[in-house]
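Trainee: Note that the protein sequences, when read in sequence, are chains G and L.
According to this note's numbering, the first sequence is numbered sequentially starting from 657.
According to this note's numbering, the second sequence is numbered sequentially starting from 36.
Just so you know, these hints were derived from the structure itself, not from any lab.
Careful: at least some of the hints might be erroneous.
[Claimed, not checked] Mimicking BS3-like on lysine-lysine, the simulated pairs with C-alpha atoms at most 25 Å apart in a straight line are: (1) L:K227 / G:K696; (2) G:K720 / G:K770; (3) G:K758 / L:K183; (4) G:K799 / L:K125; (5) L:K84 / G:K770; (6) G:K787 / G:K720; (7) G:K796 / G:K758; (8) L:K227 / L:K125; (9) G:K725 / L:K169; (10) G:K698 / L:K125; (11) G:K770 / L:K148; (12) G:K698 / G:K787; (13) L:K84 / G:K740; (14) G:K770 / G:K707; (15) G:K696 / G:K707; (16) L:K181 / G:K726; (17) L:K169 / G:K720; (18) L:K84 / L:K183; (19) G:K770 / G:K799; (20) L:K228 / G:K740; (21) G:K707 / G:K796; (22) L:K183 / G:K696; (23) G:K740 / L:K227; (24) L:K84 / L:K148; (25) G:K696 / L:K148; (26) L:K228 / G:K698; (27) L:K208 / G:K698; (28) L:K148 / G:K799; (29) G:K787 / G:K696; (30) G:K740 / G:K720; (31) L:K181 / L:K208; (32) G:K774 / L:K228; (33) G:K725 / L:K183; (34) G:K696 / L:K125; (35) G:K787 / G:K740; (36) L:K227 / G:K726; (37) G:K787 / G:K770.
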Amino acid sequence: MKTRVFLVAALMLAALSLSPKTFAADITVSDAWARATPPKAKSAAAYLGLKNNSGEADQLIAVKSAIAKKTQIHRTSMENGIMKMGRVEGIDVPAGGMAMLKPGGHHVMFMGLKQQLKEGSHFPLTLVFAKAGEVTAMVKVMKPGGMGHHHHH
Amino acid sequence: MQRRLMILALLAALAVSGAALWTLNRSVPVANPSVNIGGPFRLVDHHAKPVTEADFRGRHMLVFFGYTYCPDVCPTAMQTVSEALDMLGKEAGNIRPVFISVDPDRDTPDVLKDFVANFHPSLTGLTGTPEQIKEVANAFRVYFGKVKPEGAEADEYLMNHTAGVYLMGPDGKFLTLFSHNVPPEDMAAKIKKLL
């Protein structure tokens, strides 16, 4: 009986430490995903949601990954039907609020991709915040061109 | 009395033409909507086979201009096209979806082959010489231009470009233009009406 209790406690502890969400963190990252790419693709994008759990405004100021030569924060904007894409300095995450990186808007841009992103695989992405510091998230690679789990077929 | 009626009629006419102009501007973001969109072209497909507009006659064409290095809007638009085609089922057989590169320097037929395979089996990728691309882009009133983000290397440039999806008739005539972020079900419904 005692062994069983111990086992359950150990399992619970293990589950806690494995949980992707960091407890009491100032910033929580949700639904990080990227599109699967063709074998020789040189670029890719990742999308995610950011929640600021603190009472202070924060800003995503840099992104880092090992999958590409350069990892940058980019934004797509449309002007008179013309799509423009470019690097931005940062993304504000208001106190107690959210910031969304999603198709057609802000995204993490990988330039000089070193590996093919295969559907179903994961890779780590480090997000650097002005106040919360570094937060690492696992990015899930989804179906080519997919819209993430918010998109229903 | 007659004068008041005339003023009313005039106001009504103004309102109607205003509304018409507004609708046109919304659905066709080109300088002059009465200008013909589309026309002859000479390009190569993703099998490196030379093609012209004549190869696409007889079926509707769904045309998107983009570039494969584009990680955000282009794959999203191609996914929308792919999903709309799936929703159309059998009727999709009457449509040729086409991705025309505005980045011929990087988008060789080989690169396009990988790119189109990632989306829909019926998708054709087209590229050409810079002159041929300029010609076809002009014919479709498509703007494109290179931009280099800060800190990027020579081969890491991006392209600003017109990002709509054109539906062309089996005779090559322009039918409608979809916004790059149209939901696939709306695209499918409108295509169904126009087929």
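Trainee: Tell me, in ascending order, the numbers of any earlier hints that this structure violates.
Mentor: Numbers 1, 5, 9, 10, 12, 13, 14, 15, 17, 18, 20, 23, 26, 27, 29, 31, 32, 34, 35, 36 and 37, in rising order.
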